[in-house]
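Visitor: In case you want the letters, here they are:
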Amino acid sequence: MSSETAVHGPIGTDGADIRKTAMWAFLGSECLFFGSFIATFLLYSDETNGGPGTELFDIPFTSVSSFVLLMSSLTMVLAHNAYEREDKRQMRIWLVATALLGTVFLGGQVFEFTTFYAEGLRMDISPFGSAFFVLTGFHGAHVAIGVIMLTSMVIMSRRGNLHSHRGMNVELVGLYWHFVDIVWIVIFTVVYLLQV
Amino acid sequence: MATLTPEVLDTEEPGSHEATGGLWSWITTVDHKRIGLMYGGTAMFFFLLGGIEALFIRLQLAVPDGTVLTSDQYNQLFTMHGTTMVFLVIMPLAAAFGNYLLPLMIGARDVAFPRMNAMSYWVFLFGGIFLSSSFFLGGFPDGGWFGYAPLSTQSEVIRMDFWAIGLLILGIASLAGAVNFTTTIFTMRAPGMSMFKMPVFVWMQLVVAFLLLFSLPVITVALFEVLFDRNFGTLFFDPAAGGDPILYQHLFWLFGHPEVYILILPSMGIISEVLPVFSRKPLFGYQFVVFAGAAIALLGFGVWSHHMFTSGLGPVAESAFSLTTMFIAVPTGIKIFNWIGTTWGGKISLKTPMLFSLGFIAMFTIGGLSGVTHAVVPADTQQTDTYYVVAHFHYVLFGGAMFGIFAGIYYWWPKISGRYLSETLGKWHFWLMLLGFNLTFAPQHWLGLQGMARRTAVYPPDIGLDTLNMVSTIGAFTIAVSMLPFLYAMFVNSRKGLAAPADAWDGRTLEWSISSPPPHHNFHEVPHVEAIDDFWHQKYGEDEEGRAVRIKTFPEPSRYTDEYIHLPSPSYYPIMLAAGLVLMAYGFVFAPLGIPLFVIGALVLFGGAFGWAQEDPDHPMGDHADHHADAHEGTETGDEAQAGADASGDVSSDDVSSEDVKTGEVEVAADESGGDDV
Numbered sequence: 001m002s003s004e005t006a007v008h009g010p011i012g013t014d015g016a017d018i019r020k021t022a023m024w025a026f027l028g029s030e031c032l033f034f035g036s037f038i039a040t041f042l043l044y045s046d047e048t049n050g051g052p053g054t055e056l057f058d059i060p061f062t063s064v065s066s067f068v069l070l071m072s073s074l075t076m077v078l079a080h081n082a083y084e085r086e087d088k089r090q091m092r093i094w095l096v097a098t099a100l101l102g103t104v105f106l107g108g109q110v111f112e113f114t115t116f117y118a119e120g121l122r123m124d125i126s127p128f129g130s131a132f133f134v135l136t137g138f139h140g141a142h143v144a145i146g147v148i149m150l151t152s153m154v155i156m157s158r159r160g161n162l163h164s165h166r167g168m169n170v171e172l173v174g175l176y177w178h179f180v181d182i183v184w185i186v187i188f189t190v191v192y193l194l195q196v
Numbered sequence: 001m002a003t004l005t006p007e008v009l010d011t012e013e014p015g016s017h018e019a020t021g022g023l024w025s026w027i028t029t030v031d032h033k034r035i036g037l038m039y040g041g042t043a044m045f046f047f048l049l050g051g052i053e054a055l056f057i058r059l060q061l062a063v064p065d066g067t068v069l070t071s072d073q074y075n076q077l078f079t080m081h082g083t084t085m086v087f088l089v090i091m092p093l094a095a096a097f098g099n100y101l102l103p104l105m106i107g108a109r110d111v112a113f114p115r116m117n118a119m120s121y122w123v124f125l126f127g128g129i130f131l132s133s134s135f136f137l138g139g140f141p142d143g144g145w146f147g148y149a150p151l152s153t154q155s156e157v158i159r160m161d162f163w164a165i166g167l168l169i170l171g172i173a174s175l176a177g178a179v180n181f182t183t184t185i186f187t188m189r190a191p192g193m194s195m196f197k198m199p200v201f202v203w204m205q206l207v208v209a210f211l212l213l214f215s216l217p218v219i220t221v222a223l224f225e226v227l228f229d230r231n232f233g234t235l236f237f238d239p240a241a242g243g244d245p246i247l248y249q250h251l252f253w254l255f256g257h258p259e260v261y262i263l264i265l266p267s268m269g270i271i272s273e274v275l276p277v278f279s280r281k282p283l284f285g286y287q288f289v290v291f292a293g294a295a296i297a298l299l300g301f302g303v304w305s306h307h308m309f310t311s312g313l314g315p316v317a318e319s320a321f322s323l324t325t326m327f328i329a330v331p332t333g334i335k336i337f338n339w340i341g342t343t344w345g346g347k348i349s350l351k352t353p354m355l356f357s358l359g360f361i362a363m364f365t366i367g368g369l370s371g372v373t374h375a376v377v378p379a380d381t382q383q384t385d386t387y388y389v390v391a392h393f394h395y396v397l398f399g400g401a402m403f404g405i406f407a408g409i410y411y412w413w414p415k416i417s418g419r420y421l422s423e424t425l426g427k428w429h430f431w432l433m434l435l436g437f438n439l440t441f442a443p444q445h446w447l448g449l450q451g452m453a454r455r456t457a458v459y460p461p462d463i464g465l466d467t468l469n470m471v472s473t474i475g476a477f478t479i480a481v482s483m484l485p486f487l488y489a490m491f492v493n494s495r496k497g498l499a500a501p502a503d504a505w506d507g508r509t510l511e512w513s514i515s516s517p518p519p520h521h522n523f524h525e526v527p528h529v530e531a532i533d534d535f536w537h538q539k540y541g542e543d544e545e546g547r548a549v550r551i552k553t554f555p556e557p558s559r560y561t562d563e564y565i566h567l568p569s570p571s572y573y574p575i576m577l578a579a580g581l582v583l584m585a586y587g588f589v590f591a592p593l594g595i596p597l598f599v600i601g602a603l604v605l606f607g608g609a610f611g612w613a614q615e616d617p618d619h620p621m622g623d624h625a626d627h628h629a630d631a632h633e634g635t636e637t638g639d640e641a642q643a644g645a646d647a648s649g650d651v652s653s654d655d656v657s658s659e660d661v662k663t664g665e666v667e668v669a670a671d672e673s674g675g676d677d678v
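Going down the list, the protein sequences come from chains A and B. Counting along the first sequence from 1, when you hit position 32 you're at 32 in the working numbering, and nothing is skipped either side. Counting along the second sequence from 1, when you hit position 59 you're at 59 in the working numbering, and nothing is skipped either side.
Careful, some of the hints might be misleading.
[Said to hold, decoys possible] Pairs of lysine to any residue residues, derived as SDA-like cross-links and limited to a Cα-Cα distance of at most 25 Å, are as follows: (1) A:Lys-20 x B:Leu-37; (2) A:Lys-20 x A:Ile-145; (3) A:Lys-20 x B:Phe-196; (4) A:Lys-20 x B:Phe-398; (5) A:Lys-20 x B:Gln-538; (6) A:Lys-88 x B:Phe-196.
[As the list claims (entries may be wrong)] Under 8 Å between C-beta atoms, here's a sample of chain A residues computed to sit facing chain B: (7) Gly-28; (8) Ser-29; (9) Glu-30; (10) Asn-49; (11) Asp-124; (12) Phe-188.
Since the hints were made in silico from the structure, they are not lab data. All of these numbers come straight from a predicted model, not from anything done at the bench. Every residue gets a Cβ at the ideal spot worked out from N, C-alpha and C, and that includes glycine.
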């Protein structure tokens, strides 16, 4: 029960970890989720309805927060690496670092949203505003869920009950986290860089 | 997961689903067979509900200037008839068959994530209740089953909120089910069962799971956008502000067309199992049937705009979608010819399952052919939103999907219950339904071509629509009558039915090798598979002329075993989580009054997710207690105590369960939909 030794989980007849198979299936589905919101945004990128548009974007600022999020993928890799080496202390350090970087990113998003609202870009002012806030908002919600899962991993590991053979583990959370980061790369490129 | 390791640990009492009684044991069950039965029962209830709605529609249309319903009631009824039949009947019935049969057919002891499976069911049930309860809370949704914006975003009443949130909830159930089935099929097949030794039914469920994975997120986005437009002032579909209603149509049909294959492919899988058994021949062109199924799924994502030919897409798009729509008839045709090839020269036995399967082929072919006519843009322009379209999709979805489902019910009922359904009643059911079905929907082809518009509550007299409408209404009531022998056979006669042996039809697939009803743990020993239709080849060899010769007869298998087989423990967290979700939904719809309810729902949801994560799905202690307990009740108490201790005490044996991925997602969805509201 309390063994944290075996790294890989239950193995199906094909030699695949069944939880990883499920996670990949779920992430595949998520691609279409974000894809549809991104398509909506592309359609409405010029529909400002007389309100503010992409000129509000502060590319240097968002570049920094994007960089922060990308760095969190690096720390996630380091956490996973420590997990595979069964170095729990290192693993927790890198998990905390990942969660902190994710939180910084979210803070940046809150700041950005507040600024935009102050400057008159709201989600009920134009289809552009609707598409922008709902797309980036849903991405932010995914980051927040990821931060919660990372924090849970740290707490459970400290209590000595982070099991590799069942439930969530660092590898699965890592898959999710990298996916959310990759989605941001697409959003940053399509929504910010290509529009200004 | 535990199902993969049949080590000696413990067992439930060695019965099947009806051996362990008590409402609580059903509420907490994680057994795929029980969940399958609950799916089926619930969906059949909704089938009757949707049928009654259809009868009201036909009553209204029986004579010109009908006065049975007001146009408002008519709008509600056709919207809910469509929504119910698609989301609460055919999809869950496919899930019912998948749940019950997938593990049996691939030689597994359960699905990959049993608790997530239970959650799918409870979310579906509560979502269905939520959607239907709108009747008592201001009226059914009334914007049509595809809820075109801005019609669905502009009405002030909350009806379309019920629709959008209801479908979001049902989407969670389907998505979790799809993840579960995909994982089960990929990872839990019995040793030796490579992908191309799987039964075709399993293949079709896999294809459907993929279709669900990739199409549900698209409608999720469309529904969120509708919901945000309705409640938070976004302008996605407001043309005055530059929003584009066509976007909604694209999103809806990018889901909607794969959806029709989600509805039909499970039935295609069912009849691909039934036809070989009652023709006593292997399925003709197994690989072709499988690849055709996959091709349909792939092409199914490239044809959606043929639903929108009258939206003004321009000649390039129209030509492209016209071509793809014609293309998709090819794999469908391959399947039909392979089914006919299967029966060709076979020793055909016209039992009820076979009759429904043959009925499927005939009716689906008619529906498929009228479908191809939609590929021709000028013709489609005439047919759009007329009864011709109504006739077409009822031929594929009723004559196709539902006939296939009835074939499956008659075919597998002996396995489920240990008794055959009455052949006499079954034949009455089939012939009456076939007659009623064609009386109802064949005339609608002509009605549509004469210009009768769908979704219109009244039509004037003396424009040549009277007779055919009356015929159609008579047909609808004939269908209703045809359900009587079926219901009688299911609920009254089935207890007196002929006892069925394990191998009730001299079957070909693994589920027939185990007792009827199946043991709780499915297989005493996990089977080893060497060929397609492995069970058949164990029973039959060939003589010099290639005829099947019986080489082995198996003794009637027992339902019980002395060995202890470890199975996942029951859990009440799935139902708790689902209940929390639906409470939040009610709270959201009735905001701001409903905010307390929303908060309570969120707490219940969080409690369910938290308990779930803490719960050890294998419960060695609980199982151990169960091991010594004679009565099933003993188990439940033990589990409850254990779970309670885990939840309240220090976090002892916890872990975020893998299913928690989904839990997380559930919270996102729910939080998002209500976040701004609180």
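Visitor: Please go over all the hints and tell whether each is borne out by the structure.
Guide: The hints, checked one at a time:
no., hint, result
1, A:Lys-20 x B:Leu-37, "violated, 29 Å"
2, A:Lys-20 x A:Ile-145, "holds, 18 Å"
3, A:Lys-20 x B:Phe-196, "holds, 23 Å"
4, A:Lys-20 x B:Phe-398, "violated, 38 Å"
5, A:Lys-20 x B:Gln-538, "violated, 35 Å"
6, A:Lys-88 x B:Phe-196, "violated, 43 Å"
7, Gly-28, "holds, 6 Å"
8, Ser-29, "holds, 4 Å"
9, Glu-30, "holds, 7 Å"
10, Asn-49, "holds, 5 Å"
11, Asp-124, "holds, 3 Å"
12, Phe-188, "violated, 20 Å"
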